[in-house]
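So the chains spell out like this:
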Amino acid sequence: MIQQIRPLFLVVVFLSGVHIGFAQNEGTLYFMNALPQVNYLNPAIMPQYRFSLGLPGSSVYVQYANSGFAYNSFAKQTGDSTTADLSKLYSKLKKKNYITNAVQADIFRFSMKLNPRLYMTFNITAKEYNRVMLPQDLTGIFINGTSAYVGGKATISPKVEAVSYVETALGFAYKVDRKLTAGARIKFLKGFANATTQRATANLALDDDYAITASASADVRTSGIHNFTQDGYSFSDHWRDYTHNNGFAFDLGATYQVNDRLTIGGSLIDIGSIKWKNDTYAYTLDAANANYTFKGVDLQKVLDNNSDYLKNEGDTLQARFKFKEGARGSYRTPIPGKLYLSGSYKLKANIYGGVLLFAEMFRGRFAPGISTSVHREFGKRFSTSLSYTISNNAYNNIGLGLSLNLAPIQIYLVGDNLLRAPLSVLAHGEVNPYLNNMRYFNLRAGLNFVFGWDKSPDKQPHPQKQL
Amino acid sequence: MNESERRKKWLIISLSVLCATLVFSCHDLFNSDDYKIKKLEVSPTEALPLAYGDLSIQDILSSQDSQYVKVYPDGLVYLDYDQTLRSQSIRDLVTIKDKTNIVGVIPAPSGTLPAVINDTPSNQVTIVDSFNLDPEKITEILLKGGQLAYSVALAPANPNFKFAVRITLPEFKDASGGQFSIETTGNSNTVQLDNCKYISATANKVTVIYTLILKKNPNTVFVAPGTTITASVSFSGMDYKYVKGFFGNQTANLNSETINIKAFGNSLLDGADVSFAQPKVELQVINQVGVPTRVTFSTLEARKPGGSLPVNISPASPVSILFPTVMGDSALTAISVTNANALLKFAPTQFFYKASAEINKGLSSGNNFITDTSELKIRMHVEVPMYGHASHITLADTVEIDLSDADRSEITEASLRVKTSNQIPLSANLQLYLTDGAYKILDSLIVPAQSNIIKSSAVDAAGEFVSAGVVDESIPLSSDVLKKLFTAKNIIIKAHVNTTQNGNTYPDVKFKSSYKMDVKLGLNVKAKIKVDL
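Protein sequence lines correspond, in order, to chains A and B. Each residue of the first sequence is one higher than the one before, counting from 181 in the numbering used here. Each residue of the second sequence is one higher than the one before, counting from 552 in the numbering used here.
Treat the hints with care, since some could be wrong.
[Stated by the list, open to error] Within a straight-line C-alpha distance of at most 20 Å, the following computed PhoX-like cross-link-like pairs (lysine-lysine) qualify:
(1) A:Lys457 <-> A:Lys370
(2) A:Lys333 <-> A:Lys276
(3) A:Lys457 <-> A:Lys475
(4) A:Lys526 <-> A:Lys560
(5) B:Lys1034 <-> B:Lys1067
(6) B:Lys1034 <-> A:Lys256
(7) B:Lys1081 <-> B:Lys589
(8) B:Lys756 <-> B:Lys724
(9) A:Lys256 <-> B:Lys590
(10) A:Lys491 <-> A:Lys528
(11) B:Lys590 <-> B:Lys688
(12) A:Lys268 <-> B:Lys1079
(13) B:Lys1067 <-> A:Lys475
(14) A:Lys256 <-> B:Lys795
(15) B:Lys590 <-> A:Lys268
(16) B:Lys896 <-> B:Lys831
(17) B:Lys905 <-> A:Lys256
(18) B:Lys1067 <-> A:Lys481
(19) A:Lys457 <-> A:Lys307
(20) B:Lys1077 <-> A:Lys268
(21) B:Lys905 <-> A:Lys268
(22) A:Lys268 <-> B:Lys855
(23) B:Lys589 <-> A:Lys256
(24) B:Lys855 <-> B:Lys905
(25) B:Lys589 <-> A:Lys268
It is worth saying that the hints were derived from the structure and are not from the lab.
If we strip away everything but chain B, and leave its shape as in the complex, we get (with noise of 0.2 Å):
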């Protein structure tokens, strides 16, 4: 083996053992505590989208009152809102008492009385009364309930004595247009009155004819003399559907009614400085009575949780309604709001009423008439342009939120991404309040200065728009103020919202259903996560 050789040998051999040394020491080489990761650390900055809309001004009001907000042809937004009550207290006025006991007495033939072939009418007796009505003068009734009762007795008793009472009553006619008439041979008995009628010219008349009926009998009877048959009817339960004539002077207090207004409820309007440049409000009275009506407010006002403010009207209280000729027909009466400016600035909850209603002031006559389903109804009805000027209105909602287990670390920056292009000649500032568990503001999470979120679009002299308010900022959130948010338990949202602002002075401004309010907001936040594994 020469040198050359001796050396490939060793060298084969000397890596031959570095490679088994290698192989077999492994588990000494290889150290895995390098391999166990014990923290994990990241610091993403996430661009987050937060809210969006395309919002026209239906849409902000809507979220409330969405049945009253409406549109003129023009485009300009209103709210309409029409409420309306009924009093049943006017029927109360006209009532049919009951009327019992128009008696007759028939006397009967007497001797022995020879076979009757048919029914034969003997003696009749009629007798003329009156229902009890005062002041009401009535000449017609058309009856949709009620009871005639009637009774026949014959003294002295004689059963061989065939016999019957029949019961004509002039003044009605039964459902079926027909003579009301009805015959008995028995002592007592009920008819139901409902669809017959009452005319009489003279009124209040209530005319009962009793005649005696000698019924078929084959056989002679004797009858002693001083025989006699004594008949009566009563009504009862009398109602009407309609009833006609003079009902007197009259007064009925009505029963005092609530308006419950949401519009004017909420804090769009609450402590805030608004004016509306053509506000409608107005009292609508439809009278579906023929009857004159005079209506005295005594009670007359708009209400909110601690005030309330008296509704001045045109004409002045008591106010001559008017009444329909025909029946089945309704009178409007129109009784404006003289204050109404006022009125939506007091921003009520509810409008109030207490009124009674007097009839035929003054009359001894007429033509009067009243139905079943005649009512007296007083409409509210309020349209409000959306044309005007508002300030210092306030929209706040409160937001819990508990951070507490959370590494008050982890948010190192953050920002609010606002991009808004605003046709609404509405401006917002934003802020967010962060409270303690008391609500005692610990701080505010945007700079005052950049707090004007949504800018106002520009208006001309009249009102109309002529450019869009343009945001476009990403707002700095203090750092210093974010370390709150972990202690904090609620967030306030607060907005003030003012209509365009001209100088010191807003002036009045339109808003049209077709302006938009383009809405973009998002959150950046930078985070520092360390979390062990």
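Isolated chain A (complex conformation) (with noise of 0.2 Å):
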């Protein structure tokens, strides 16, 4: 068992090593084979439930992750009072600081199984996914100031990415063999409203002297959102404008049954891009403009008696830096992917033991995560999973998954940092202290109506089906 252990074990160390800590997927899901939307995260696998539906409300997800800092990184008590200290906040800065929020809804989802070794899912979700990067050097030019980029140079250049659609998609799980199952879901994707950042760079240098050079470049895209600045626009008069926004996606997946305990997966999620039509619109500097160097004062002119002098090098320095911006032509962006490898051990009946290494892959930015679980199943009705994840920086994050099946409805509560609220709570009469070190967060929650437990042994890809 340990041989089989080993290879997994060294792939956690390597990811551990290069930069946990930044995804943004979902950690406690991934093992709730109850829940019908396990199958959102690798398409391979087959849940427990010979048929479920979803209507409006079947599923929401909410994520908050913050891969720089937490209110406490920068919140200070002092007597009664509470004083943000910006220095702090600054040493628990990353280079690159991630927030991000993501929110999901099901609109109509059901999921069957046509045959022993066939089984098929359909959804229609509403996406939203709002990032934004925060140098590290934006807050130091504001809380430490400029003589730290004495002979350097900061960085100071935020990115956005913000993007909005609707998924119609339809999936397929096949079970090749005993061990094999193998899972697709293609996607056709509609999508609402884009930005992003294509190119940004900003940059200040400072020399020895104290001359200050900043040179910049960007090229900020937009869909569906400049109208909305626009005096009169109406958007009921518009929306068949929302709907020329077409992409496509697919999921792909895998389980493979090592043993009769072990079960290893793999899958790759949000694999596509959206291509952009409906109002797209640019915000661009062109890096051959926008550099300008401020040296002080020119004495030279000074001199001179050139009184008009400083303030025409305000008005070249607003001009030189002053976006360009203007209709464009359509554009095409990913939308955000991710991946998830996984092993599943029985350790005893109805008690299981998973790993999942998970990654979000958008815009250049690979983040990687690591989740472990014990989940256990209380017969038919009730399954639990507690969680430990690291993600996002955070190390304090115990999740936790309920799922009550009282088929035909089931409700279920699922997060990758719930349990410490609770906890909270109990040692200290407030979720506050939750709250104030919380970098990251999620939480899915819905009621499905499922019916048809399957608990044939043989026809389950999963090695408990098997026990």
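Hints in hand, dock the two standalone chains.
Structure follows, in structure tokens:
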């Protein structure tokens, strides 16, 4: 058994050493087979119910992630008052700090087992994803001043990504043999609005004589946003325009039953893109123009009694760094893709241990994370998961998953950093300690209509069904 | 229901109750006071560029005297001042006075005169007179203004007698160059003399010829015996374009004149010990009047507020100045100033002179001329090669400040970043003095030992550049003194400037146009900022 686990352990160690802690994935949900939504993370996983139906509200997912700081990273209690200690904040920040929030809601979903080897899923889901990257230097300039950058350079350009769309997906999981199950899902995407930072650089360089050189270049594109800034624009008159942003994506996944106890799996989720055509607008800065060096007051001008000099310099600076904006042609952006690698091991009857490596891949950022969990099923009525997740540079994420299976109704709640909330209440009488240290939070909750608990051991791809 | 199923049931119920309790008691579990941030603290250290420049000596000088800064072919910078004053007084020596009532009485032919077929000249009277000029002896005048008034009267009156009088001025040419002559039948009239020329071999002489003209008349007419025609002319308001002749020995008191000199009035040299190696100061008299003239300076001195210094000249006053021999030319007489160095050291703001001009001293004849534009101009020419030495030059300026509203704990440290590379043989010590409202000095910001922010270049024995003076330092500003910034009302910025120093002496150095002073100044400030929100 040790021999079988070793490769997985090595992968975990490797990823940990590289850079754990930036992903925006779901770690706890992956092993909760009772929930039809587990299939969102790996299309090869066949949920335990032969048929399930989701109506609006069947699955709502919210996520907040901040790879740089929590509230306690800058808030300082002095007596009864709270002070924002920005120097403390700076010391906590990473070079690049990503603040992400995401929302998903199922509009319609159903899944059904077509035959012992084939499982079909269909869903219509609205998704929104927003991410801001704040460089540490951007805050450093204000918090620590420019002195720290003498002889060096501060990189201060933030980057923004925002995408909202509706996906309509049809997927199948197919049991190839007793050990291998493969899954795939094709997604048709309708983009609603987008903001993307195609290119953004902004640097402040300080010479050892304190001369400051600012340089920048940017290409920020939006779709479906600029119109809302125009007087008299009515969305109800133009809603059809928002149906022109089409895209496709796919999910791929597989699980493999190594032996009676161990099952491994892997999946690629949301690999695709959207072509934005509606109300496409661009905000650009040309690097050839957007640069300026301020060396102080030009003594030559002072000696020449050129009183307009500083005003002219101000005008020049403003002109050089003024964004050029205008309508542009269509463009294409990817959607946030995800990678999952899993290992599930049956510890005892109805108790499983799992390790999940996951990563988000989006706009040049590869953000891995790791989650370990213990999953227990209390018959078919109730199942729980307890997880520990390292994500978003946060090491205090104790996740919890609860699923109450009162067929045909299934109520569930699952998240990667949930359990510290009640623990905080129990220990401190309030939820504040939990919130103050929180950098990562996700929650998926809802109500499914489920039918047909499938216990057939020889027809399940997961090891527990074969016992 | 077995024991296992019972345990599951209670577990489900317990968890449900726990979740419900958490959800429904949320408003008590959340303390919003934690998130009311009342203060913000930050301690930035800002590195700020203050000033920069790649300055030459021309830039430094040109702030006030750009038009005076020039460069010799070898690159040596010099100050070149030229200021010219012109004197109108000498023209007043020659004026053409009015000449009135040059009268001639022409006897008319008497008896019964036959019919006159054509106008026929008759009797003529010539009057020779002189313009009232003394001591001038004028032989030629080109008039640009003046009137000739004339009148004719017949006595006794005889309306049947048809006549005219022709008035001829032999010394005058009309504007077209012809003999000046007019014919009149009326009583009185006036003609302009513009562009008429007077030429007479005999100085000042004026001749008038009155000629009676019998006018065409088909009838006979009786003229009583003793009938006369009285004619007269008067010259008035005559002004000239030029006058030639001999103007006599006269003296004109020239208007007193002042030449303002900006360059020597600034604080660059005020109170400084300055020595220029080869300064040149001279007066140049430009004479456009064709008359031997001698100028006597009754006062010639350099002035500045609170003092004056006589200007010594060579040749000494009175100075005989050259004069042109051809009208339209000018003659230049150079008068050098022998105490130029003392003058420059004196740092005057003005040159002042009062002078008189005497013409034809000791002469009784000559060919003088003057035009209506002739001037006696005195030009002040100062040429100061920037070659020499200087010390204790003080430059100062005062800047008002008011930081009374600022939190004095905000700035905890500060330093001045100085990076200079100086090819100019000037050294500068900078000090910033904090003063109260009455300009009483409270303290100084820069430690005196570090106030030498610009080091002079090294020079060789000929005063030529050898190597640049380099400063690359961060000069800490005392935190105790910084606190006084918040109570100070003014900052006096004072710079003491010297040329290159060699031990205790200041050798002569050259300031060439190619020498540059590369200056970069910055400020490093550490602040502690607390903001109540």
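Checked hints:
{"no.": "1", "hint": "A:Lys457 <-> A:Lys370", "verdict": "holds (11 Å)"}
{"no.": "2", "hint": "A:Lys333 <-> A:Lys276", "verdict": "holds (15 Å)"}
{"no.": "3", "hint": "A:Lys457 <-> A:Lys475", "verdict": "violated (44 Å)"}
{"no.": "4", "hint": "A:Lys526 <-> A:Lys560", "verdict": "holds (17 Å)"}
{"no.": "5", "hint": "B:Lys1034 <-> B:Lys1067", "verdict": "violated (36 Å)"}
{"no.": "6", "hint": "B:Lys1034 <-> A:Lys256", "verdict": "violated (28 Å)"}
{"no.": "7", "hint": "B:Lys1081 <-> B:Lys589", "verdict": "holds (10 Å)"}
{"no.": "8", "hint": "B:Lys756 <-> B:Lys724", "verdict": "holds (14 Å)"}
{"no.": "9", "hint": "A:Lys256 <-> B:Lys590", "verdict": "holds (10 Å)"}
{"no.": "10", "hint": "A:Lys491 <-> A:Lys528", "verdict": "violated (77 Å)"}
{"no.": "11", "hint": "B:Lys590 <-> B:Lys688", "verdict": "violated (100 Å)"}
{"no.": "12", "hint": "A:Lys268 <-> B:Lys1079", "verdict": "holds (14 Å)"}
{"no.": "13", "hint": "B:Lys1067 <-> A:Lys475", "verdict": "holds (18 Å)"}
{"no.": "14", "hint": "A:Lys256 <-> B:Lys795", "verdict": "violated (102 Å)"}
{"no.": "15", "hint": "B:Lys590 <-> A:Lys268", "verdict": "holds (14 Å)"}
{"no.": "16", "hint": "B:Lys896 <-> B:Lys831", "verdict": "holds (13 Å)"}
{"no.": "17", "hint": "B:Lys905 <-> A:Lys256", "verdict": "violated (83 Å)"}
{"no.": "18", "hint": "B:Lys1067 <-> A:Lys481", "verdict": "holds (16 Å)"}
{"no.": "19", "hint": "A:Lys457 <-> A:Lys307", "verdict": "holds (19 Å)"}
{"no.": "20", "hint": "B:Lys1077 <-> A:Lys268", "verdict": "holds (17 Å)"}
{"no.": "21", "hint": "B:Lys905 <-> A:Lys268", "verdict": "violated (79 Å)"}
{"no.": "22", "hint": "A:Lys268 <-> B:Lys855", "verdict": "violated (63 Å)"}
{"no.": "23", "hint": "B:Lys589 <-> A:Lys256", "verdict": "holds (10 Å)"}
{"no.": "24", "hint": "B:Lys855 <-> B:Lys905", "verdict": "holds (17 Å)"}
{"no.": "25", "hint": "B:Lys589 <-> A:Lys268", "verdict": "holds (16 Å)"}
In terms of the numbered hints stated before, the structure departs from hints 3, 5, 6, 10, 11, 14, 17, 21 and 22, listed from lowest to highest.
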